[in-house]
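The residues making up each chain are set out below.
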Amino acid sequence: MSSTIKWYWFASPQTFYPLAGTLARWSGVLAAVLAAAGLYVGFFVAPTDAQQGEAYRIIFIHVPAAWMSMFLYVVMAFWAAIGLAFNTRLSGMMASAIAPTGALFTFIALWTGSLWGRPTWGAYWVWDARLTSELILLFLYLGFMALQAAIDDPRRADRAGAVLAIVGVINVPIIYYSVKWWNTLHQGASVSLTRAPSMASTMLAGMLLMALAFWAYSIAVSLARVRCIMRERE
Amino acid sequence: MNWGGWSEFWAMGGKAFYVWGSYGVTLACLAAEVWVLWRRAREAKA
Numbered sequence: 003m004s005s006t007i008k009w010y011w012f013a014s015p016q017t018f019y020p021l022a023g024t025l026a027r028w029s030g031v032l033a034a035v036l037a038a039a040g041l042y043v044g045f046f047v048a049p050t051d052a053q054q055g056e057a058y059r060i061i062f063i064h065v066p067a068a069w070m071s072m073f074l075y076v077v078m079a080f081w082a083a084i085g086l087a088f089n090t091r092l093s094g095m096m097a098s099a100i101a102p103t104g105a106l107f108t109f110i111a112l113w114t115g116s117l118w119g120r121p122t123w124g125a126y127w128v129w130d131a132r133l134t135s136e137l138i139l140l141f142l143y144l145g146f147m148a149l150q151a152a153i154d155d156p157r158r159a160d161r162a163g164a165v166l167a168i169v170g171v172i173n174v175p176i177i178y179y180s181v182k183w184w185n186t187l188h189q190g191a192s193v194s195l196t197r198a199p200s201m202a203s204t205m206l207a208g209m210l211l212m213a214l215a216f217w218a219y220s221i222a223v224s225l226a227r228v229r230c231i232m233r234e235r236e
Numbered sequence: 071m072n073w074g075g076w077s078e079f080w081a082m083g084g085k086a087f088y089v090w091g092s093y094g095v096t097l098a099c100l101a102a103e104v105w106v107l108w109r110r111a112r113e114a115k116a
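Line by line, the protein sequences give chains A and B. Heads up: the first sequence is residues 3 to 236, going by the working numbering. Heads up: the second sequence is residues 71 to 116, going by the working numbering.
In short, the hints are calculated from the structure, not lab data. A portion of the hints provided could be inaccurate.
[Unchecked claim] Restraint ranges, calculated between C-beta atoms of paired labels, are given here:
{"#": "1", "chain 1": "B", "residue 1": "Val95", "chain 2": "A", "residue 2": "His188", "range": "18 to 24 Å"}
{"#": "2", "chain 1": "B", "residue 1": "Ala102", "chain 2": "A", "residue 2": "Arg27", "range": "18 to 24 Å"}
{"#": "3", "chain 1": "B", "residue 1": "Ala114", "chain 2": "A", "residue 2": "Tyr42", "range": "45 to 51 Å"}
[As the list claims (entries may be wrong)] Anything over 12 Å on all C-beta distances counts as not near chain B; from chain A, calculated:
{"#": "4", "residue": "Ile61"}
{"#": "5", "residue": "Leu106"}
{"#": "6", "residue": "Val128"}
{"#": "7", "residue": "Ala159"}
{"#": "8", "residue": "Gly170"}
{"#": "9", "residue": "Pro175"}
{"#": "10", "residue": "Ile176"}
{"#": "11", "residue": "Lys182"}
{"#": "12", "residue": "Ser192"}
{"#": "13", "residue": "Pro199"}
{"#": "14", "residue": "Ser200"}
{"#": "15", "residue": "Ala207"}
{"#": "16", "residue": "Met232"}
[As the list claims (entries may be wrong)] Computed footprint of chain A on chain B, listed as stretches where at least three residues anywhere in the stretch have a Cβ under 8 Å from a Cβ of chain A:
{"#": "17", "stretch": "74-80"}
{"#": "18", "stretch": "98-111"}
For every residue, glycine included, the Cβ atom is placed at its ideal position computed from N, Cα and C.
Could you build the full structure based on these sequences and the hints that come with them?
Below, the structure is given as structure tokens:
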């Protein structure tokens, strides 16, 4: 069997539906285990920050949530684009299934950032480039969901949503590079692929564990939601 | 170990409102999403 045929086999709803159920369950279990480990490291192993005191412990959820908010948008736009290009039904359903979780992580990133900003900067909110572009990301998610909800025919809703999702993807690099392009109050990246992270290794470990936990959680809820969408549409 | 006892842990060095406000709302959001999804899955099957 050639690899092309295998991909079509996975893309058929009859195969995908039970597979998604199994994957969702195990991802959920993995998310719980990783979150327990991440919270343990974050609260009991990582030391108090010399400058920020205990308020810095918010970053163990803030940074992973912010990463997920951007990453999920790219994945959503990717499935939307595939659906638009190849007219595959499952791709559009995947995009719709990811949107609410992406919106939720965007809200969590904004909320926790605000509660971190007050004790650290002295303000819950400032109209700085990083914060403003992240708020626009939340509106893009909500706009995508509202647009899809407003159109009765699911195939037309998928196509209209796809156009919005693809255009909005331009906002993701703007969020990511905002701290370099503009003189923002928000600090630059502490973790990057090109240099050593500028934080204690136990702090980094806690943050990465929480990031993996959010990742597994997102897979679990997106797959569970796509199963609901499949049942509702067929 | 960072904390002298549980009361010190919950106090978070005087930043309890911000730290627990962040963790509490995050947990509530994720729990709400799972609950809504669980109900939706049950209705979709019925």
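Cross-check of the supplied hints:
Range check, Val95 of chain B to His188 of chain A: about 20 Å between beta-carbon atoms, so the 18 to 24 Å window is met. Evaluation of the 18 to 24 Å hint for Ala102 of chain B and Arg27 of chain A yields a pass: the beta carbon distance comes to about 20 Å. Distance hint check: the CB atoms of Ala114 of chain B and Tyr42 of chain A are about 36 Å apart, inconsistent with the given range 45 to 51 Å. Under the 12 Å C-beta cut-off, the non-interface status given to Ile61 of chain A relative to chain B is violated; the minimum distance is some 9 Å.
With 12 Å as the threshold on Cβ separation, the claim that Leu106 of chain A sits away from chain B is violated: the shortest Cβ distance comes to roughly 6 Å. With 12 Å as the threshold on Cβ separation, the claim that Val128 of chain A sits away from chain B holds: the shortest Cβ distance comes to roughly 16 Å. No beta-carbon of chain B comes within 12 Å of the beta-carbon of Ala159 of chain A; the shortest separation is about 17 Å. With a least beta-carbon separation of about 22 Å from chain B, Gly170 of chain A lies farther than 12 Å from that chain, consistent with its non-interface assignment.
Distance check for Pro175 of chain A against chain B: the nearest CB is about 26 Å away, which clears 12 Å, and the non-interface claim stands. Even its closest Cβ contact with chain B, about 25 Å, leaves Ile176 of chain A beyond 12 Å, as expected for a residue assigned away from the interface. Every CB of chain B is more than 12 Å from the CB of Lys182 of chain A (nearest about 26 Å), matching its label as outside the interface. Its beta-carbon lying about 18 Å from the closest one in chain B, Ser192 of chain A satisfies the requirement of being farther than 12 Å from that chain.
Its beta-carbon lying about 21 Å from the closest one in chain B, Pro199 of chain A satisfies the requirement of being farther than 12 Å from that chain. The beta carbon of Ser200 of chain A sits about 21 Å from the closest Cβ of chain B, which is more than 12 Å, so the claim that it is off the interface holds. With a least CB separation of 15 Å from chain B, Ala207 of chain A remains clear of the 12 Å interface cut-off, as annotated. A beta-carbon of chain B comes within 12 Å of the beta-carbon of Met232 of chain A; the shortest separation is about 9 Å.
Residue count for the stretch 74-80 of chain B with a Cβ under 8 Å from a Cβ of chain A: 1. That is fewer than the three needed, and the coverage hint is violated. Given a C-beta distance limit of less than 8 Å, the hint that chain A covers the stretch 98-111 of chain B holds, as 7 residues qualify and 3 suffice.
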